[in-house]
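> If you want the working numbering, it's the position in the sequence shown, counting the first as 1, plus 298.
In case anyone wonders, no lab produced these hints; they're calculated from the structure.
Warning: the hint list may mix true and false statements.
Pairwise CB distance ranges, derived in the manner of DEER restraints [as the list claims (entries may be wrong)]:
no., residue 1, residue 2, range
1, S323, R404, 43 to 49 Å
2, K495, P326, 16 to 22 Å
3, S377, T327, 22 to 28 Å
4, F376, K495, 38 to 44 Å
5, R341, G488, 35 to 41 Å
6, K495, Y345, 39 to 45 Å
7, R341, G508, 34 to 40 Å
8, L522, S498, 22 to 28 Å
9, E389, T525, 37 to 43 Å
C-beta atoms are modelled at their ideal positions from N, C-alpha and C, and glycine is treated no differently.
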Amino acid sequence: MRRRLDPLGSGSQACRPWCKMSINSIHPTSIIEPGVVLGHSNRIGPYCHIYNGVQIGDGNIFEGYASVGSPAEKRGFFSLKSPHGVVIGNENVIREFVTVNAGTRRHTVMGNNCTMLRGSHLSHDSILEDGVTVSCTAMIGGESHVMIGANLGLGAVLHQFSVVGSYSMIGMGAVCTKTLQMKPGGVYVGNPARYLKQNSIGLKRAGIDGPVALNAEALRWEKLRETNPC
Numbered sequence: 299m300r301r302r303l304d305p306l307g308s309g310s311q312a313c314r315p316w317c318k319m320s321i322n323s324i325h326p327t328s329i330i331e332p333g334v335v336l337g338h339s340n341r342i343g344p345y346c347h348i349y350n351g352v353q354i355g356d357g358n359i360f361e362g363y364a365s366v367g368s369p370a371e372k373r374g375f376f377s378l379k380s381p382h383g384v385v386i387g388n389e390n391v392i393r394e395f396v397t398v399n400a401g402t403r404r405h406t407v408m409g410n411n412c413t414m415l416r417g418s419h420l421s422h423d424s425i426l427e428d429g430v431t432v433s434c435t436a437m438i439g440g441e442s443h444v445m446i447g448a449n450l451g452l453g454a455v456l457h458q459f460s461v462v463g464s465y466s467m468i469g470m471g472a473v474c475t476k477t478l479q480m481k482p483g484g485v486y487v488g489n490p491a492r493y494l495k496q497n498s499i500g501l502k503r504a505g506i507d508g509p510v511a512l513n514a515e516a517l518r519w520e521k522l523r524e525t526n527p528c
């Protein structure tokens, strides 16, 4: 059995209305560059562009006009071919007009079971852990780290080098500055964003019903902040 891609540790043939490439469904208007590595059971919708250096696992959905692996939006990298691309795990949903940039010093990573809604953006060198939701037009600045189960609301903006704690909720339109500490299990709202309350609903959905599990995530958050300073 083929090993599934774990991001956190060819030619086309025309058919109607989808193009079959291996055992993936790829719309004939999409561009899949020759160096892309695809797993199986992926669906890639119309007018998507998947760049060289992208590795994709199994069972992912890419809706129309998604762009994955384009050069980092960072001075010095607009036309530079970086050795660092994008690694996407399994069973993610990437909706229309989502953009995911290649890395500059490490791969940009999306784990498993993540959802990026229309027009959202994942910047260079950033990491989404498993089960993250990024709502429409939310923007994640470069070299950020969004921990497991976090939820970014409509139009939320993260400063570069942000670390978003596990199972936290970033409210719609929130502007998360470089000084904001987004610890696990919290709700953060406003411009500039501030802590509002515990994310009781998100914690309940995740089965976090005691302080022990959340404390472990808080320790992990602290370590990530040390290695990902603003």
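> Okay, which hints does this one fail, numbers in order?
Per hint list: 1, 2 and 9 violated.
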